[in-house]
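With chain A fixed as given, assemble chain B onto it according to the hints.
For the record, the sequence lines run as chains A and B.
Sequential numbering from 1 applies to the first sequence in the numbering used here.
Sequential numbering from 1 applies to the second sequence in the numbering used here.
Honestly, I wouldn't trust all of these hints.
[Stated by the list, open to error] 30 angstroms max Cα-Cα, derived DSBU-like pairs, lysine-lysine:
#, chain 1, residue 1, chain 2, residue 2
1, B, K18, A, K8
2, B, K19, A, K8
3, B, K67, B, K19
4, A, K259, A, K112
[Said to hold, decoys possible] Each pair of labels, with its calculated beta carbon distance range:
#, chain 1, residue 1, chain 2, residue 2, range
5, A, Q69, B, F94, 48 to 54 angstroms
6, B, N66, A, S61, 45 to 51 angstroms
7, B, R71, A, M35, 39 to 45 angstroms
[Said to hold, decoys possible] A short, non-exhaustive set of chain A residues, derived as facing chain B with CB atoms under 7 angstroms:
#, residue
8, I12
9, L17
10, A20
11, M24
None of these hints come from the bench; they were simulated from the model.
This structure is a prediction, so every number in the text was calculated from the model and none was measured.
Think of the CB as a built atom: it goes at the ideal place given N, C-alpha and C, for glycine as much as any other residue.
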Amino acid sequence: MRRLADVKDYIITAIILLLAIALMINRHEGGLQNMRKASITVLSYLEQPLSNIRTYRQAISTNTYLHRQNILLQDELSRLRSVEQQNRVLRSLLNLREESAHHLVPVKIVAKDLTSVNSFLTASAGSADGVEPGMPMINSDGLIGQVILVSNSYSQILPYNNSMFRVSAKVEDSRAYGIVTRSGRAGRELVLQYVPETIPVEPGQVVQTSGFGNQYPPGIPIGVVTHTEPGRGVETQTIYLEAFTDLNTLAEAFIMEFKPDTTINNLINEQTELF
Amino acid sequence: MGAESDLVLIFILWLATKKNRTEVLLYAAFLGFLQDALTDLWGLNMFSKTVLVFILYGYLNRISQNKLLFRQVFLIVLVAALIHNVIFYGVSLFTELYSPGFFIWSLLIVSSLFTAIVGSFLYLVREDN
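Okay, chain A solo, but in the shape it has when bound (with noise of 0.2 angstroms):
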């Protein structure tokens, strides 16, 4: 009985075995077309499903690339629009400085503080470079303010926004001249006071160092003037102004090697000391 079994299973085997030979020899020589169309077709609705799922999941890791990729993009552009502002500003300096009577003495701000009440900035050149207290520090937009102390390799500015700040100025226009101050608000406005009442002042007027004071050399600009109040109870007006540099974002700068003109000087203390 088990010999019969065995026999069968060898005659199963071998007829299985024959299909086998002649389904490869059909395949070979170009037969099964039907088969092989039946198959794909079935193959194709199978690997419909997987196939979703590839596309699904080669999409995420595209996105997930594509994310990263613009992550440094973003990160490239931001650097490029930083070296694009600084090479402006930069480039505006090195104009500034050709075109100053004066020598120009380029510096970075290392320090600022501009919240507290008593705001300073520092800047990266002292006496070694020829820098003294009373020369002011420009840039290519207009006056930032003026050196106090001096060691030998930084100095400390006394910014605009500053309440000891008082500068001698005068209306680009009228030539009418007072003192510009901190008007005590925040952000960029300053104050002209002193001018009369009967000078016409307009919005959108420049102010700029008057060089009367003996401290600046004239002609520096201050800011622009956005409005004006008369004054209460004397005849001169309240001339507000937004002052042309940014202290916020300052970054590089002059100290211009100006110095007051000591015969002027020892005549006004003559006359002091006459009266």
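Only chain B this time, still in chain A's reference frame:
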């Protein structure tokens, strides 16, 4: 490299420990035929799986009552997969239906290893423990 485990082979090896030879032969032929139809390798899997069952059925049926260790199962599946792959590639050389190219040996060995690993783990997690 294209190497992959042969789940159909693992199933047939499991069947060989449970059913009689005639049934396993027919299952091997039918499943091999289906595998061929899906991979467009007409007759190759059918032939190699049938021959494998014919060769190994006696041994597999004999050890089916034993409690086998993981490494023993791994070795048995590995040897079975190697025999299957050798037959498969041997026949494919004659029929030129399948061209594994330069990776024939790595495919032979790596595919067999994959099949052995998957088969061993399936043996560990099977429900008729």
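Run the structure past the numbered hints and jot down the numbers of the failing ones, going up. none
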